[in-house]
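S.K.: Using the sequences provided together with the hints, build the complete structure.
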Amino acid sequence: AQRVTQPEKLLSVFKGAPVELKCNYSYSGSPELFWYVQYSRQRLQLLLRHISRESIKGFTADLNKGETSFHLKKPFAQEEDSAMYYCALRPPSGNTGKLIFGQGTTLQVKP
Amino acid sequence: EPEVTQTPSHQVTQMGQEVILRCVPISNHLYFYWYRQILGQKVEFLVSFYNNEISEKSEIFDDQFSVERPDGSNFTLKIRSTKLEDSAMYFCASSGQGRETQYFGPGTRLLVL
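Taken in sequence, the protein lines are chains B and S.
Under our numbering, think of the first position of the first sequence as 1, with each following residue one higher.
Under our numbering, think of the first position of the second sequence as 112, with each following residue one higher.
FYI, nobody ran anything at the bench for these hints, they're computed from the structure.
Just so it is clear, the structure is predicted and the values come from calculations on it, not from any experiment.
Careful, some of the hints might be misleading.
What the hints assert, rightly or not - Just the calculated beta-carbon pair ranges, DEER-fashion:
hint, chain 1, residue 1, chain 2, residue 2, range
1, B, GLY16, S, ARG191, 51 to 59 Å
2, S, ASN162, B, LYS65, 31 to 39 Å
3, B, ILE51, S, LEU222, 37 to 45 Å
4, B, LYS65, S, ILE149, 45 to 53 Å
5, S, GLN175, B, ALA17, 27 to 35 Å
6, B, GLY29, S, MET126, 36 to 44 Å
7, B, SER40, S, GLN152, 14 to 22 Å
8, S, LEU222, B, SER40, 17 to 25 Å
9, S, LEU224, B, GLY16, 26 to 34 Å
10, B, GLN78, S, THR116, 26 to 34 Å
11, S, ARG210, B, LYS110, 33 to 41 Å
12, S, ARG191, B, GLN78, 42 to 50 Å
Each residue gets a CB set at the ideal place from its N, CA and C atoms; glycine is no exception.
M.R.: In structure tokens form, the structure reads like this:
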């Protein structure tokens, strides 16, 4: 079954602390993995995708196919990082592009 | 920067009534999607639409649901006879190609009483 699991509903850290938002997926092929972010009162927006291998707003995520994980990391959290973060998977086949989301993790960065 | 827009932002309806949720995708995009998020649960894929037809739908998207692109700009989701469990946030999204970045609208919060 296609599934994305984000084990933490809430992650609370202090400003300047490292952050790791966990994401594990279940899929038999080679899916694309994404992180989407939703700031307060704003829409869902793409943060990064594994094929880009880029760092956005200081966040990085490495796809580990052996562990089927795509954890999101940032070395020093900022208060403006406080938001809801969703890990998502796109199946490799087909052209429809549907996304399968995890439950989301609320990141709270305290001053 | 172009954005996906959705109307209304909130809708309250009685069980059994029909609702139409409207979306205006980004103008040069070709793929359109609807997702929903029941309160406290994950965002779930409902349907994708390309070239004026449904390209994929989930098991949630039963006969009570339909989508339409009635003109060159709007993309609508109709629920024929709403149930209490249809209460959710409904997100529209669009992308230039099927496997490109999806851009999401702000959502319509539907409450069925």
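S.K.: Taking the hints in turn, state whether each one holds.
M.R.: Verification of the hints:
Our hint of 51 to 59 Å for B/GLY16 and S/ARG191 holds, since their Cβ atoms are close to 53 Å apart. A hinted range of 31 to 39 Å holds for the C-beta pair S/ASN162 and B/LYS65, which are about 33 Å apart. B/ILE51 and S/LEU222 have their C-beta atoms about 38 Å apart, which keeps the hinted 37 to 45 Å range intact. Take B/LYS65 and S/ILE149: their Cβ atoms lie about 31 Å apart, and the range 45 to 53 Å is violated.
About 47 Å separates the C-beta atoms of S/GLN175 and B/ALA17, a value inconsistent with the hinted range of 27 to 35 Å. At about 41 Å, the CB distance of B/GLY29 to S/MET126 agrees with the hint of 36 to 44 Å. Here the CB-CB span from B/SER40 to S/GLN152 is close to 19 Å, well matched to the stated 14 to 22 Å. For the pair S/LEU222 and B/SER40, the beta carbons lie near 21 Å from each other, so the given range of 17 to 25 Å is met.
In this structure the supplied range 26 to 34 Å is violated for S/LEU224 paired with B/GLY16, their Cβ-Cβ distance being about 46 Å. Roughly 30 Å separates the CB atoms of B/GLN78 and S/THR116, a value that falls within the hinted 26 to 34 Å. Remark: the range hint 33 to 41 Å for S/ARG210 to B/LYS110 is upheld by a beta-carbon distance near 38 Å. Remark: the range hint 42 to 50 Å for S/ARG191 to B/GLN78 is upheld by a beta-carbon distance near 46 Å.
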